[in-house]
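Visitor: Spelled out, the chains give:
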Amino acid sequence: MDTLLKYLGSNVTPGEAGDYIWATIYILVIFLGISVAVIAMNWLERKILAHMQVRLGPMRVGPHGLLQPIADALKLLIKEDIIPNEADKVVFWFAPVAVVVTAFTTFIVVPFGRTHAVTDMNIGILFMLGVSSLGVLGIIMAGWASNSHYPLMGSLRSSAQMVSYEIAMGLAVVSAIMMTSMKTGTGTLSMIGIVQSQLEQGQWFIFSMFPLGLIAFGVFAIAMVAETNRAPFDLPEAESELVAGFHTEYSGFRWSLFFLAEYAAMIAVSSIAVTLWLGGWLRPFPNWLPGTRWDMAFGFFPALTFLALALLCFIGVLRMPRIPQFRIQTLGLAGFGALLGFTGLVLLVPGVRIRVLDIYWFTLKVAFFMYLYIWYRGTFPRYRFDQLMRVGWKVLLPVSLGVVILVAVVGIWPELTHKVVGVLR
Amino acid sequence: MSIAPILRKVFLVDLIKGLGVTFRYQDPKEIVTEQYPLERPQIAERYRGQPRLNVNPDTGETLCIACGLCAMACPEKLITVTSERNPVTKKKELVSFVYDTSRCMFCGLCEDSCSTDALELTQDYESALYGREGMVLDRPRLERGPEPTVYAR
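So the sequence lines, in the order shown, correspond to chains E and U.
Taking our numbering, I'd label the letters of the first sequence as residues 1 to 425.
Taking our numbering, I'd label the letters of the second sequence as residues 1001 to 1153.
By construction, these hints were calculated from the structure, which means they are not laboratory data.
Accuracy of the hints is not assured; some may be wrong.
Stated by the list, open to error - What follows is a list of derived Cβ distance ranges for each label pair: (1) E:Val421 x U:Asp1014: 19 to 29 Å; (2) E:Arg60 x U:Leu1129: 22 to 32 Å; (3) U:Val1136 x E:Arg60: 33 to 43 Å.
Where is the CB? At the ideal position from N, CA and C, for every residue including glycine.
Required output: the full structure, derived from the provided sequences and hints.
Guide: Given below as structure tokens:
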């Protein structure tokens, strides 16, 4: 109890404080949180995509198919574990592990709040980019170890795509990192430091040096879809061409690991974008609506969100068909609504409210990106491979290079003019 | 080359328009899927489904005069009408009426040729069965009309 209070009063991440117990707890909580988020994303994706295609989506397992991902997970877990005879057994076994481990390792430095990160690395963003690019190794291993045509083609495409988009992505990140040094003169690579420099400069980097921040963000937003192999850049798993791409030969639990890793990577890349350009855990409109009163007002958002979700659940309860077969589902939905409402009420307690606020804003921004992923998938047709390469090398790369150069020039402009004037005198 | 198409490309106008379209279609009102066993679809009035031999609602007597026009009209020759002449009234009376739905293509020619509106293809569309046994419909079954499957747990 004493250590708990001491920790809650502290103002650093457990990694910085050297607190191993809290770091372990954080790792477990983040692991569980990401897993739950992946399950929720699975349901949301199928539901939103279905609605965009004028369908209903899952409706039968639980109210509005809410239990569908759990049923799917159970089915995947009890499936027969198949390794093809011709496959390279060790590599085949290791590939999904490598993909999952790299996808989850990146979350060590993701700052859900000033104190809500496992640790604050001084090379945080570099660590994240480096570890998440290791994921492509797992994909290549999976494609090669399967000893089959389509997986190999899929993994080859995947590696080519990742290599070409990583450059544009990296340059966009560099331009954001250069912005961290704008007023103070000392830049930082730490994820928490990047958000704090946005706080000090009083604006998110997406609005910095308008429109350079916006362009860099746009390049990153396109490149990150390609990096995570999502539609419209989902060539490595293009089902109309390559069956299922690199995981054609995988089934059951191993396949679900790939699935988990894909969604975890999506969340990880989105949290890079949120940290670099959208102010991480900072609340929106700090300049339009400043002051403690607005801080207070924005503080009620988490509770309001949960209460609104609870209300939606109760409306759903009222609109359920009133026949005996649906009684259990209706009761379940009411229970879920009550749980959400209770969470909302807990979030109204001042101590809790202040503590979770930064997590809430960060999660909300990441959730917006997750919605974008689904939205893209529901809208855009898949790129042809040469179009993909053209966009990567001939559009995104020059644009991001130009942005880096322009940000550098604008950043040192005062000094530059000062020096030139000095020389002329 | 004019500047407008280039600007459209640079600002991704077409892509954003496409996103707008899918966003608007998310409205639950747009959904066309039917939850079939729970909610049954509205069938068009002129839909040709399972056949029925109509009876006079007042007397319960069949409207069929056993003329055999339907059997003649049928391109598949799947209707068999047998009749015998009533010695008292000197009228033909229907004895049996066999309709083989397993070969029927629901063209509706029998229905059209019927001079008394006795034979009718109803709007019942649930004609699937597990075997061929139930597909040959006899007179009592045809007069009872379609018996839609009731789905329940």
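Visitor: Hint by hint, note whether the structure agrees.
Guide: How the hints compare with the structure:
{"no.": "1", "hint": "E:Val421 x U:Asp1014: 19 to 29 Å", "result": "violated (47 Å)"}
{"no.": "2", "hint": "E:Arg60 x U:Leu1129: 22 to 32 Å", "result": "holds (25 Å)"}
{"no.": "3", "hint": "U:Val1136 x E:Arg60: 33 to 43 Å", "result": "holds (36 Å)"}
Violated hint: 1 only; the structure is consistent with all others.
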